[in-house]
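Chemist: Here are the chains, one letter per residue:
Number of protein chains: 2
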Amino acid sequence: MNIVLLSGGSGKRLWPLSNDIRSKQFIKIFKTEDGKYESMVQRVYRQIKKVDSDAKITIATSKTQVSSIHNQLGDDVGISIEPCRRDTFPAIALATAYLHDILGVSDDEAVVVCPVDPYVEDDYFEALKALGEQAEKGQANLVLMGIEPTYPSEKYGYIIPESKDNISSVSTFKEKPDTETAKRYISQGALWNGGVFAYKLKYVLDKAHELIDFTDYHDLFSKYDTLTKISFDYAVVEKENKIQVMRFSGQWKDLGTWNTLTEAMVDNTIGDAVMNESCKDVHIINDLDIPVLAMGLHDVVISASPDGILVSDKEQSSYIKPYVDKIDRQIMFAEKSWGCFRVLDVEENSLTIKVTLNPGNSMNYHSHKNRDEVWVVISGKGKTVVDGMEQEITVGDVVTMQAGCRHTVFAETELQLIEVQLGEDINVQDKQKFPLDR
Amino acid sequence: MNIVLLSGGSGKRLWPLSNDIRSKQFIKIFKTEDGKYESMVQRVYRQIKKVDSDAKITIATSKTQVSSIHNQLGDDVGISIEPCRRDTFPAIALATAYLHDILGVSDDEAVVVCPVDPYVEDDYFEALKALGEQAEKGQANLVLMGIEPTYPSEKYGYIIPESKDNISSVSTFKEKPDTETAKRYISQGALWNGGVFAYKLKYVLDKAHELIDFTDYHDLFSKYDTLTKISFDYAVVEKENKIQVMRFSGQWKDLGTWNTLTEAMVDNTIGDAVMNESCKDVHIINDLDIPVLAMGLHDVVISASPDGILVSDKEQSSYIKPYVDKIDRQIMFAEKSWGCFRVLDVEENSLTIKVTLNPGNSMNYHSHKNRDEVWVVISGKGKTVVDGMEQEITVGDVVTMQAGCRHTVFAETELQLIEVQLGEDINVQDKQKFPLDR
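Listed in order, the protein sequences are those of chains A and B. Here our numbering is used: the first residue of the first sequence is 1, the next is one more, and so on. Here our numbering is used: the first residue of the second sequence is 1, the next is one more, and so on.
In case anyone wonders, no lab produced these hints; they're calculated from the structure. Hints should not be assumed to be uniformly reliable.
Listed next, with one range per pair, are the computed distances between beta-carbon atoms [claimed, not checked]:
#1 B:K36 with A:N268: 39 to 45 Å
#2 B:F434 with A:N358: 40 to 46 Å
#3 B:T150 with A:E121: 37 to 43 Å
To give a feel for the contact side, a few chain A residues facing chain B, derived at Cβ under 10 Å [claimed, not checked]:
#4 P16
#5 L293
#6 M295
#7 I309
#8 Y319
#9 Y323
#10 V324
#11 V346
#12 E347
#13 S350
#14 K381
#15 V385
#16 V386
#17 M389
#18 Q391
Note that beta-carbon positions come from the ideal geometry of N, C-alpha and C, so glycine has one too.
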């Protein structure tokens, strides 16, 4: 099975755990059988591999997510990196070209596309396999998954099939309706459109060449920023006549809001949290290292991270976005290709952060124009290079770097530093990278 | 007016703003006319000075509160320091001896005793003055304030006066009753006992000599830890026949729980907080530097500090104590005589804190057995002394101190340091103080 997972953008609706640089699919919130926690993307990846250990999985995503994907899934996963966001048609065209030109997938093989964030069981991935097999038969150019509705939702588009058969031609598509219209659709046998479909590779590659002037993957990649934003639904699906839908009646949840996300939690709390016995249907996800105490609350979600603290009635939590948009703040923590950092203290002319480098990793060799930096090693060992001078470092060592000085650090073991940045104009843009000969 | 303010112990019921070392009376929660915030102790002190600018104010408290009191009220306030907690009779005896022997208050002058934490208006302090004047007349040995009840509370003891006059002899005292009994008391003209009373200095000093073998203030202070714990009510009030009560019908609130405390807040939020319009009767007190977003909540108090996060139904918030008792954690911030500190990061073998020294202040000259320390100056200037060597420091300077090395820092301006502690057994007890010749 060739599968393209679409890994979307920023998820403010799950603030403060997700933010502009940390999307919801990377939040480790799902308890596995061994008691650890995994993210949406880890769960989906594990489930696909369980159903088809040979599956070629390619994640179509933006540059900003690459570090998180490698950190969470390892280095073997295929990633089709969108140089910038250009909606789903360019993204799927690029991923398809990637499969063809980089992974060597042949024209007649099926490709299955699905979002990275549905909360589903193994039967869903069996259904994806069946979807791909149906596409390979060639009865239709596109085979969509039609999810049997469990309620008249206003959140999804609907597919009206021509028959009630497991596989049917598509009669028509309907935009997101109001509840009453949704009820009428459902009485007509309509299915939810979850954005899941399969095609023979050549079909989408041909469509891409029809609509975009490019030679191969590398060419498409290089001109990606010039492409017009257009959705795959609009560019392809709605114009295609040879199109089928395959029913899926298993569990399918879209965990896009705190309200729905908390339904998928095994325990009511993650992290340091205490509830008194008068709390009912309360969920606490605490990513801070201080305790949360909840008393006498009903139907409330509490989520705390270094970015902020949300306390919301669950129903209301789906209206979070405009409020989070107003909270325009410094990013307080981030995953990087080499590890992660967390902001500990912000003052007018200083910023103190805690840096954790994974074993064997290092930062870019870089300098800052407008700030001095001090590193204090608090755990692990490694090496620094400061203006070309290499030095071994271990716990208690202090490294001072004036503005302009080139520096990096290599982690031999996991290495933790307290970094104090000092200057009058501290910002993340102030960084020049340099090659490093070692 | 000679007034003794009893400043009580730890206030877990206002966790996470109060804790074992920060009592509720020091939380800056009351908005003043100029838009700043003051604490209970600052508010009461200001109110007394407004009514009687010559008032001799003595705060009876434990050692742990002395730094906070000086930070909030300045160095002029009198403090009668209890070397350890021995309940109210020894505390009042000690404070009375302090007034007599240290401040030179004469035997016949009145002393008014009241808790430091009632939420009252200026008329209350006028009433305290009247209480003292009544005590000086000598008609009774003790004159109590009787607060006119506004509801049949189970939280207070009751005073039954002999008459409905403004000043009356006391008929009897009643322990905290249940609501039905409280209603009956009130129908009999009972008044709340708020623990406020006045006496001629000699009266309590004589009682103290009767019950305790001591010569003067210094002697009493030195043997304080040998005294029996006994309340002033039990030792004195309940045994006294020449006792009067004076009515007080003004505002008097006991802000001991989040429920009552939030009633005294002018604005619904303090600190970085956003509420959506569907929140009703929600109060947010956010002492962290990350935002709190509240949505769709009713009658809820949210309080966040470096010690933790409370989210509670207001009614339920009065049952907080047993839950906080279970949260046994490191103190994450504290006021000190020289300024304050805040814990930024805790790892197994390191602790990173931010230290703020007030201008003109310094730490004790001290050393640690089991930890190295690194200071990075992030603002201000001053001097360090490390093993006798004096050195000027300013922003960006780094000072490293091995275990065993003696060190201190003097703040010329306000001075902020990031302090990284490194070692396998980091704890607050690991500290030896030394005299410093400068």
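Chemist: Each hint: holds or not?
Modeler: These are the hints, each one checked on the structure:
no.: 1; hint: B:K36 with A:N268: 39 to 45 Å; in the structure: holds, 40 Å
no.: 2; hint: B:F434 with A:N358: 40 to 46 Å; in the structure: holds, 43 Å
no.: 3; hint: B:T150 with A:E121: 37 to 43 Å; in the structure: violated, 59 Å
no.: 4; hint: P16; in the structure: holds, 8 Å
no.: 5; hint: L293; in the structure: holds, 5 Å
no.: 6; hint: M295; in the structure: holds, 4 Å
no.: 7; hint: I309; in the structure: holds, 5 Å
no.: 8; hint: Y319; in the structure: holds, 7 Å
no.: 9; hint: Y323; in the structure: holds, 6 Å
no.: 10; hint: V324; in the structure: holds, 7 Å
no.: 11; hint: V346; in the structure: holds, 7 Å
no.: 12; hint: E347; in the structure: holds, 6 Å
no.: 13; hint: S350; in the structure: holds, 4 Å
no.: 14; hint: K381; in the structure: violated, 13 Å
no.: 15; hint: V385; in the structure: violated, 20 Å
no.: 16; hint: V386; in the structure: violated, 14 Å
no.: 17; hint: M389; in the structure: violated, 18 Å
no.: 18; hint: Q391; in the structure: violated, 16 Å
Comparing the model with each numbered hint stated earlier shows that hints 3, 14, 15, 16, 17 and 18 do not hold.
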